[in-house]
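Colleague: Full structure from sequences and hints, please.
Here is what each chain is made of, one letter per residue.
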Amino acid sequence: MSQKDIEAAIAATRFGLGARPGEIAEAARDPRGYLKGQIRRDGADLFKTDGETANQRLAEFQAYRRERAMARSAPASDGKPEEDSAVRAARQFIRQNAAGDILGRVQLAAVTDAGFRERWALFWANHFTVSASKVQTATLVGPYENEAIRPHVFGRFADLLGAAETHPAMLLYLDQVQSVGPNSQAAQFQRRGAARRQAPRNEARPRRDPGLNENLAREILELHTVGVDGGYAQADVTEFARALTGLSIAGPRDAGVEGVVFRGQAHEPGERTVMGVRYAAGGKEQAGSVLADLAARPQTARFVCAKLARHFVADDPPPALVTRLEKAWISTHGDLARVAETLVDAPEAWAAQPAKFKTPYEFVVSSYRALGQEPRDLGQVNAALNGLGQRPFGAPSPKGWPDEAGPWAASDALVKRMQFAQALGAVAGPQVQDPVALADQTLGVRLSPASAKAISRAESRAEAVALLLMTPEFQRR
Amino acid sequence: MNAPLLSRRAFAAAGLALPFLARVADAAVPANRKFVVIICRGGMDGLSVAAPVGDPDYRPLRGGLALGDAALKLDGTFALNPALPTVHRLAQAGQARIAPAVATPDRARSHFEAQDVLETGAAGVYATTSGWLNRSAQAMSAAGRVEAISVGPTAPLILRGPAPAASWSPGRSVDATARLPSLLQDLYKDDPLLGPALARGLVTETMARESGAAGDAMTGGGMRRGAAQGAEAARALGEALAGFLKAPGGPQLAAVSLDGFDTHANQAGVLTARLTALDALVDGLHTGLGPAWNDTVVLAVTEFGRTARVNGTGGTDHGTASTALLLGGALKPGGIVGDWPTLRRQALFEDRDVYPALDLRALEKGLLAEYLGMDRRALDTTVFPDSAGVRPLTGLV
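Chains as they are written, first to last, in my numbering: chain R, 1 to 477; chain B, 1001 to 1397.
Check before you lean on any hint, since a few could be wrong.
As the list claims (entries may be wrong) - Below 20 Å or equal to it, Euclidean Cα-Cα: the simulated EDC-like pairs (lysine to aspartate or glutamate) are:
| # | chain 1 | residue 1 | chain 2 | residue 2 |
| --- | --- | --- | --- | --- |
| 1 | R | Lys-36 | R | Asp-345 |
| 2 | R | Lys-36 | R | Glu-341 |
| 3 | R | Lys-307 | R | Glu-341 |
| 4 | B | Lys-1189 | R | Glu-348 |
| 5 | R | Lys-399 | R | Asp-315 |
| 6 | R | Lys-453 | B | Asp-1075 |
| 7 | R | Lys-356 | B | Asp-1191 |
| 8 | R | Lys-4 | R | Asp-440 |
| 9 | R | Lys-36 | R | Asp-335 |
| 10 | R | Lys-134 | R | Asp-254 |
| 11 | R | Lys-284 | R | Asp-440 |
| 12 | R | Lys-284 | R | Asp-254 |
| 13 | R | Lys-307 | R | Glu-348 |
| 14 | B | Lys-1332 | B | Asp-1386 |
| 15 | R | Lys-399 | B | Glu-1370 |
| 16 | B | Lys-1332 | B | Asp-1075 |
| 17 | R | Lys-356 | B | Asp-1190 |
| 18 | R | Lys-327 | R | Asp-293 |
| 19 | R | Lys-307 | R | Asp-345 |
| 20 | R | Lys-134 | B | Asp-1259 |
| 21 | R | Lys-284 | R | Glu-271 |
| 22 | R | Lys-453 | B | Asp-1186 |
| 23 | R | Lys-453 | B | Asp-1190 |
| 24 | R | Lys-36 | R | Asp-113 |
I should point out that these hints are in silico values taken from the structure, not numbers from a laboratory.
Modeller: Encoded structure:
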């Protein structure tokens, strides 16, 4: 086997999302060129949705909430609050929105010719996780990824950071929308109003002294930029949270405005100091300056480049690779296209031994790719991913999905993978003419003799396909 | 119909001569004693789990988040959240206690650092890559194999490490007639990651089918969303776990996680749903175990507590000490575990959080030493590295 053959298999399976039939042969002409050709200034592909923007979805959701509140407060003739059929319809609509986004995203990954470009986009979507774990964010995650992440993944990191942190989905997910400067006009106004009324407090309702919520500030520092060892302290988190106040989303009272708004009257007045840098008093440009400075910090380059190396190459990545990426990042001021090229050129990324165990999403997507299929049944995809512990758009925390083998290689998870492989093998296997040839197309020279032999001896095509998907080399990349 | 799912060879490949049964008879501690850790992820607000309603500073600090008359009284100071009726019932029977100001040694207020320290049992962050419950299984196995299991689709860090640990989550059962499992075991025989994991998974699967206790969780609604469904699924998970624990020769150590405790905004509603799930999980375990509940200790912990004051958005931000729950028929009845530092302003940690009055490792070490008979030296060095200065808290069982 030639070096080119090894590299072609690595290009399609490690850098990409798994080979579709013919992909390894195509990559074999020039494996590095094949990957670099997928780097595109104007960003990653957008997956298919119903075409609605995040702002439109947000407006629909707010309308749904108002309707629901009205329906609940108006008792029907029999005394019970009536749930309007319009409310039910709206809820159904919201659920369908999210389901359509998930299917569109999986389909793109399953059929794209640019597997590396798609993997690169998925990395950033996970880095800037917004999870559907909150009702408000469930319909926004799809548009968020298409609007804030994908267009910027081969641009400057600072632009990607700015787009992600100021998107309505992120503001809702990390509780920024209600954060108010404790000394802002809005807070003072509310406090005066409360003092005037002097109404007895209702026990069931939390007291709302308007004030800070430091969630977004903390996670930007810890997860999105400098990392937990980036040299910040609690005081920096609080100062950054103060700088971010005012950044919110339009509500029912903001007639004619939609999406992100900056409320100057909710912004904490005064200058701020974050990680030793002073920011003059002002409005929304204050947080913008903090974000720009964070993007440019060397700790950010180190933290994010180590994460990239871990994602693409090994759970414990070669330090030389991290250094190489970091240098490219710093010398190009966070130009992500150049960082991607550096990754492709790095010799450490091409080690013959596959070190990464596929996540459930990668396993499911690469299975469809191997069979040259486009998933049509969201139920099947959802059931598989839920069972394997990676609910679409449902990362358990702002940290996103884990990227190491440990959490995914649980004994139960392997049994679940086997069941998925059996089910897909039963459906798709009969159409596969020559399972051994399919295995060659899927893994190239990475297919081991033992696996090839087992597949050739399978009792049925269904069993052969299931075996292929469960070989140690298909489970890794 | 009842074709054996696994060949004897397959068991041997997993290093399980007869899985779960190969226990040395002269082990120092009865093999029926069970220890379960529930990890409540996201930073559970201890002041809402067991509220110090008798502490004069509680209401002023908590405002609208303070629990009202519906809280379930424990003693002159503390009352449980109304979403925890099972825990309260157990407490009245002397089978549940609270540790109201407990913390790991980590002070960074980062979920991910704090969960790392919570689960590795290390003195500092990222000091080791295996979990303390796994190393406990390893240490205990010196006197005969001790089995451990996690319930849920991913393997929690607390059970990752050198000792083989099983995992299980609800789903369809394996097609017992297919050849695939044994073909794969052959293919994985030299694979250090996949080989042992698959073998163990298949054994657990067989056990789940045979015990039948897991039936509800496997065929029922599974892990659907929503508050009521969340509680339903949590109860089914508790029952399934109970099924494994009480099976003859079943695991002695277990871990299960609940997510969603990061309540930065509108905390009251969110937390009610999460605590309802926690209570349902405990109820499922308690009911499912039946008489075996008397040989069980359950510890529910979180990575950190939350700020003593309400933040600007009806929630609380990342804090320090929180409340741990101790449950089980094997517990000695008693009051709160550890000291209550109070909520006086001078007593707050950094004028912000509940003061960490008790090192969580002291609690964990005490249970492992007294209930599972673990050796002090192993506890001080391998299970909780560099923790000789943290004395096991005794008298709990």
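Colleague: Next step is simple, just say for each hint if it's right about the structure.
Modeller: Each hint tested on the structure:
| no. | hint | verdict |
| --- | --- | --- |
| 1 | R:Lys-36 <-> R:Asp-345 | 9 Å, holds |
| 2 | R:Lys-36 <-> R:Glu-341 | 6 Å, holds |
| 3 | R:Lys-307 <-> R:Glu-341 | 16 Å, holds |
| 4 | B:Lys-1189 <-> R:Glu-348 | 28 Å, violated |
| 5 | R:Lys-399 <-> R:Asp-315 | 16 Å, holds |
| 6 | R:Lys-453 <-> B:Asp-1075 | 69 Å, violated |
| 7 | R:Lys-356 <-> B:Asp-1191 | 14 Å, holds |
| 8 | R:Lys-4 <-> R:Asp-440 | 15 Å, holds |
| 9 | R:Lys-36 <-> R:Asp-335 | 15 Å, holds |
| 10 | R:Lys-134 <-> R:Asp-254 | 23 Å, violated |
| 11 | R:Lys-284 <-> R:Asp-440 | 56 Å, violated |
| 12 | R:Lys-284 <-> R:Asp-254 | 18 Å, holds |
| 13 | R:Lys-307 <-> R:Glu-348 | 15 Å, holds |
| 14 | B:Lys-1332 <-> B:Asp-1386 | 29 Å, violated |
| 15 | R:Lys-399 <-> B:Glu-1370 | 37 Å, violated |
| 16 | B:Lys-1332 <-> B:Asp-1075 | 17 Å, holds |
| 17 | R:Lys-356 <-> B:Asp-1190 | 17 Å, holds |
| 18 | R:Lys-327 <-> R:Asp-293 | 18 Å, holds |
| 19 | R:Lys-307 <-> R:Asp-345 | 18 Å, holds |
| 20 | R:Lys-134 <-> B:Asp-1259 | 13 Å, holds |
| 21 | R:Lys-284 <-> R:Glu-271 | 12 Å, holds |
| 22 | R:Lys-453 <-> B:Asp-1186 | 12 Å, holds |
| 23 | R:Lys-453 <-> B:Asp-1190 | 16 Å, holds |
| 24 | R:Lys-36 <-> R:Asp-113 | 13 Å, holds |
The structure fails to meet hints 4, 6, 10, 11, 14, 15 from the earlier list, while all remaining hints are met.
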